[in-house]
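Residue numbers (the working numbering), protein chains in the order written: chain A, 1 to 192; chain B, 1 to 192.
Among the hints, erroneous ones may be present.
[To be verified] In the DSS-like style, the derived pairs of lysine-lysine whose C-alpha atoms are separated by at most 30 Å in a straight line are: (1) Lys44/A x Lys14/B; (2) Lys44/A x Lys14/A; (3) Lys14/A x Lys44/B; (4) Lys44/B x Lys14/B; (5) Lys14/B x Lys14/A.
For the record, the hints were derived by calculation from the structure and aren't laboratory data.
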Amino acid sequence: MTTYPVRTRRWTRKEYRLLGERGVLPEDEPVELIDGQLIVAEPKGRPHVTAVALTAEGLRRAFGAGWHVFQQEPIALDDDSEPEPDVSVVPGGPRDYLVDHPARPVLVVEVAETSLDFDRHHKGSAYARAGLPDYWIVNLLDRRLEVYRRPGTDPAAEFGWRYLGVEIFAPGTAVAPLARRNALIAVADLLP
Amino acid sequence: MTTYPVRTRRWTRKEYRQLGELGVLPENEAVELIAGQLVVAEPKGTPHTTAVRLTAEALRRAFGAGWLVSTQDPIALDDDSEPEPDVAVVPGGPRDYLVDHPAWPVLVVEVADSSLLFDRHHKGSLYARAGFPDYWIVNLVDARLEVYRRPGGDPAAEFGWRYLDADVVATGGGVAPLARRDVAIAVADLLP
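Construct all of the structure, not just a fragment, from the sequences and the given hints.
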């Protein structure tokens, strides 16, 4: 319906933090800062919550000691982006991120139903631009895992970058994270 | 390029005020709150600022005592909107709006060059929904005045309302505000 550009105010990560600290934005409000835009998260159903818990559990088992698996925690992606991936894996332990949020997770995972296109093209492009090496989408609509790797430029992508490697894994198969190539995770273990 | 819905965080007028008071949003930043969205104003060239001054001057002459002609001041339109029309005419004097911004201008004017479509369809629909009786666009692109009146419902409009009457007045013509039907303003006096 809108056929003219509407330029909305963009926010930096620093301003986003101020919004929380000064109480303008309630701490528990489900928003994420993506490329300067405050994006409202869709309400999450039980299958989504279940898949997040299963994925976090699967990744904790696979990665083991020396790695920390976060659930819906902020990532300091760039100056204008602080997404909260459903699951992310970072080196070290919780105390290593006391001062600032982790910036370079070795693996980020989004669980997607209604947000599938957004997770694929919008977040996917933001994650690729930041150079995150391993991005997974637990696709609840088609009951499969999508694995995105090899970030590369693409002028047609939302933020000029996308993942050049895309692999689809069905429930009967297994996948190893790039950072833990010897640990196989069964796709069936991630699905509700 | 974006083919999926991106829902950005919407703001209320109360939150918008907080953003300013707490210093998160600099007071002099060129944004307007339009239906919950913080819309960034396009940079204004000298033809724009000249037309704003000319229009304010002409309206002050036309309305005379008992009316306040403000330029780029906030209007308390609704709970989610605080636009700053280029020129607005409200009853009374400056001290009448010490506590809150005026809510019911008898005339609002936007000066449009690059923002023409936005002013026609976005702001126009918003102003019509608020029931503003008299909305003018000083159209710098075509060097003419557009006069919008009679707000009415239209499901296809951005905010469900639009002005049912649109009159175009050329440079040689004149127009009388609805609230001052006895005075004629020459369109040539409003154009740079």
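Subject >> List of violated hint numbers, smallest to largest >> reply: none
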